[in-house]
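Construct the entire structure; sequences and hints are all you get.
Protein chains: 2
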Amino acid sequence: MKIHIRGLPMMWASLLILSMIVLNTVPMTCGDEHNELKWSRAAAEEAEAVASIKCSGHGRASLDGLPIEGKPACQCNSCYSGDDCSVLLPNCAVDSGSAMVVSGWHRMGYSYEDGSYISRELEKVIRRLHEVVGNANTKGKYILFGAGSTQLLNAAIVGLSLKPPQNYTGNHSFSPANVVASIPFYQVYKQQTDIYNSLSFKWKGDASLWKNNSDSTENFIEFVTSPNNPDGRIMEPVLKGSSVKTIYDYAYYWPHYTGISTPVDTELMIFTISKLTGHAGSRFGWAFVKDRALYERMENYLDVNSIGSSHDTQLRALVLLKSVLKDKARGLFEFGHAYGWLKCERKEDGDCPAVLRAAGVMGRNGSVFHASNKYVRLSLIRSQDDFDLLLRKIDALVSQE
Amino acid sequence: MKIHIRGLPMMWASLLILSMIVLNTVPMTCGDEHNELKWSRAAAEEAEAVASIKCSGHGRASLDGLPIEGKPACQCNSCYSGDDCSVLLPNCAVDSGSAMVVSGWHRMGYSYEDGSYISRELEKVIRRLHEVVGNANTKGKYILFGAGSTQLLNAAIVGLSLKPPQNYTGNHSFSPANVVASIPFYQVYKQQTDIYNSLSFKWKGDASLWKNNSDSTENFIEFVTSPNNPDGRIMEPVLKGSSVKTIYDYAYYWPHYTGISTPVDTELMIFTISKLTGHAGSRFGWAFVKDRALYERMENYLDVNSIGSSHDTQLRALVLLKSVLKDKARGLFEFGHAYGWLKCERKEDGDCPAVLRAAGVMGRNGSVFHASNKYVRLSLIRSQDDFDLLLRKIDALVSQE
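Order-wise, the sequence lines are chains A and B.
Be aware that the first sequence starts at 1, since it is given in my numbering, and climbs by one per residue.
Be aware that the second sequence starts at 1, since it is given in my numbering, and climbs by one per residue.
Rather than coming from a laboratory, the hints here were simulated on the basis of the structure.
None of these values were measured; they are calculated from a predicted model.
Some hints could be false.
Note that identical chains are pooled: a pair holds if it fits in a single copy or bridges any two copies.
Said to hold, decoys possible - Here are the simulated DSSO-like pairs of lysine-lysine, each with C-alpha atoms no more than 27 Å apart in a straight line:
| id | residue 1 | residue 2 |
| --- | --- | --- |
| 1 | 71 | 38 |
| 2 | 322 | 124 |
| 3 | 139 | 163 |
| 4 | 322 | 38 |
| 5 | 190 | 343 |
| 6 | 328 | 124 |
| 7 | 202 | 190 |
| 8 | 328 | 71 |
| 9 | 328 | 38 |
| 10 | 141 | 328 |
Structure below.
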């Protein structure tokens with residue numbers, strides 16, 4: 001058995017871990033008044049006390065975890081289980097991160113200094129990140145924040161579609177915008193389009209079905225997810241023409257998922273922190289919009305839907321993205337590339353995942369990535385223990401043969 | 001001039017300050033290893049360093065504030081202005097709060113231990129708060145979290161309205177639910193209903209216009225805001241009958257806005273932290289729903305609209321509401337009652353606000369509260385300096401006469 005390992009973008013990852021970002025802890029010096037914490041001390045101590053609860057060093061308790069016998073229960077690292085996280089599981093992921101302190105008075109009001117719902121510091125960091133990574137040209141584009149990219153996708157549909165004539169009964173020449181995407185697509189596109197039973201937009205399924213209709217008088221909105229979810233392909237719009245508007249979902253257009261050949265520079269670009277740092281639970285996404293009128297319609301949607309985006313979440317995104325930017329973002333993305341794409345080259349090993357499974361190595365089938373099952377993707381962003389174990393098992397498998 | 005001051009609920013308050021909740025800071029003891037902070041130290045120091053920036057003791061800089069000359073700018077307390085917050089303004093509010101620390105790894109995934117998007121610890125604290133305050137019966141009701149009550153209001157409309165028949169063109173017997181509210185109403189009700197151009201629901205204005213129609217075959221959804229925004233009245237539904245569904249917006253049903261005569265116990269009750277502690281920027285609200293099917297439809301809406309509510313925000317709400325609960329929530333609400341309702345009793349003082357303005361005292365006109373302008377509401381939840389100043393000015397005014 002010959003083994004070829006090369007870098008491969010990771011898809012399907014619901015939790016990418018910010019593993020290279022290690023917090024620099026500053027040792028406490030007695031008598032150094034500069035280091036005396038005041039209002040944040042109790043909160044910091046409580047957080048550390050909770051975080052230090054038993055958990056065997058392989059998990060952490062959280063203030064908002066369900067308590068067991070009055071104490072917050074351990075949330076084990078993905079490698080560990082059991083009440084105190086002492087049971088090692090085969091399936092691990094590294095886990096570290098950037099801490100932050102939120103004061104009781106932080107950003108209580110609805111808006112920021114400029115009257116908007118957007119932290120301009122966070123905006124700056126986001127624009128800088130795209131510049132450093134080289135994955136998007138944000139110049140001359142307006143920015144919007146949403147509760148994940150999810151909320152922004154819907155803002156885009158509402159923003160791009162038209163209002164029906166007053167007292168519309170279905171007999172006028174007006175027709176709803178046809179919302180489409182290429183199969184396989186992210187199911188939320190359809191769910192969001194369907195849920196309002198809107199006269200302004202209607203789900204019409206696979207984009208390719210409408211290829212020949214696209215210079216008709218009907219309006220189309222096409223979702224283009226690139227790289228695509230779930231199959232990772234780089235996508236282009238299927239429909240073109242003056243009656244077609246395109247929503248570009250670039251959730252996965254980061255160096256740990258794909259090669260960044262060129263900065264994207266489209267009219268409506270949507271990103272999310274979920275697939276960038278793995279902080280899906282924060283619900284934070286952003287959109288760049290070229291057209292002023294569209295930007296305003298989307299902004300209005302976000303105001304009406306939730307009066308902007310949580311300030312707590314914006315502060316957290318700021319802290320996280322500043323961490324990502326350290327060392328020109330190399331920490332996260334170079335680490336994130338570390339995936340193995342393994343091929344079983346013996347003729348009889350047609351089912352490579354099975355061969356590896358038998359040897360105690362779990363990978364993701366090549367077919368998931370539209371390759372054959374001669375291939376397996378190995379996840380290497382785990383603990384050193386796991387990596388050593390993987391090497392030992394593969395070594396044993398190769399020696400056996 | 002005789003002065004009568006009695007407790008009055010505050011309405012219109014966009015920012016209620018959690019002033020009684022003072023963080024207990026624990027003094028640092030050298031050599032006490034228990035007090036050594038580890039991973040949270042740098043974040044805590046950074047937050048304190050930023051928070052301690054100049055600002056003359058009358059404001060705070062924030063990590064996500066716009067920097068001036070490379071340093072985060074001061075956000076002055078509402079009483080102060082100027083670059084370094086050294087300029088005292090007449091219109092002050094006290095400002096304190098509860099701090100929290102968020103680790104880099106806090107709740108990165110989409111869901112909590114039970115697979116939901118809801119922190120069960122926060123749920124417990126919310127139910128306990130209603131029990132202690134006595135403003136709502138939450139027993140036997142499902143809970144939902146939203147991005148402010150705003151998102152929940154829309155979830156309720158979608159959840160309560162029906163799907164039109166497939167390929168509906170307006171000629172069937174199906175008709176959209178008529179969404180109504182009593183004038184004056186919160187404008188977001190109308191905006192949310194209008195923005196989707198939905199076949200399922202339609203804005204129909206003032207509830208009283210439909211009073212005689214309400215036992216027709218048409219469906220109605222009525223928003224009942226009690227106490228009402230903006231006028232503070234305790235409200236009851238205008239429409240009744242089997243074809244009417246009611247959304248109760250209880251944003252202001254707390255002891256600092258109104259007397260709590262009885263715990264509310266309705267089918268669909270919506271609350272928000274914005275009007276409870278003043279943390280509008282956090283975007284956090286919750287709903288209690290009696291009917292299982294409605295709860296599931298609303299939950300589905302929240303999933304599709306934003307994949308649940310930010311975990312960072314939920315942690316902050318937990319910390320804030322735990323603070324509110326200290327001392328059986330007396331701190332916040334007894335303090336919150338401290339408003340003055342002042343009446344000018346001399347015949348010639350028909351414009352009481354003007355009389356006070358001339359004496360350098362700013363209040364809110366009685367007419368705002370549907371009383372006459374013989375009355376003024378004085379805001380007493382300000383700094384001790386301000387309170388002393390108010391007493392001095394009123395004393396001077398009375399002596400003058």
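Structure-based check of each hint:
1. 71 <-> 38: both (26 Å within a copy, 21 Å between copies)
2. 322 <-> 124: Result: close within a single copy only, 10 Å intra versus 34 Å inter.
3. 139 <-> 163: Neither. Shortest intra-copy (30 Å) and inter-copy (42 Å) distances fail the 27 Å Cα cut-off.
4. 322 <-> 38: both (25 Å within a copy, 20 Å between copies)
5. 190 <-> 343: neither (36 Å within a copy, 59 Å between copies)
6. 328 <-> 124: For residue 328 and residue 124, only the intra-copy Cα distance (15 Å) is at most 27 Å; the inter-copy one is 43 Å.
7. 202 <-> 190: Both: 9 Å inside a chain and 22 Å across chains, each within 27 Å.
8. 328 <-> 71: Between copies only: 21 Å across chains, 41 Å inside a chain, cut-off 27 Å.
9. 328 <-> 38: Only across copies: residue 328 and residue 38 sit 26 Å apart there, 33 Å inside one copy, limit 27 Å.
10. 141 <-> 328: Intra 23 Å, inter 50 Å, cutoff 27 Å: intra-copy only.
Checked against the numbered hints given earlier, the structure breaks hints 3 and 5 and satisfies all the rest.
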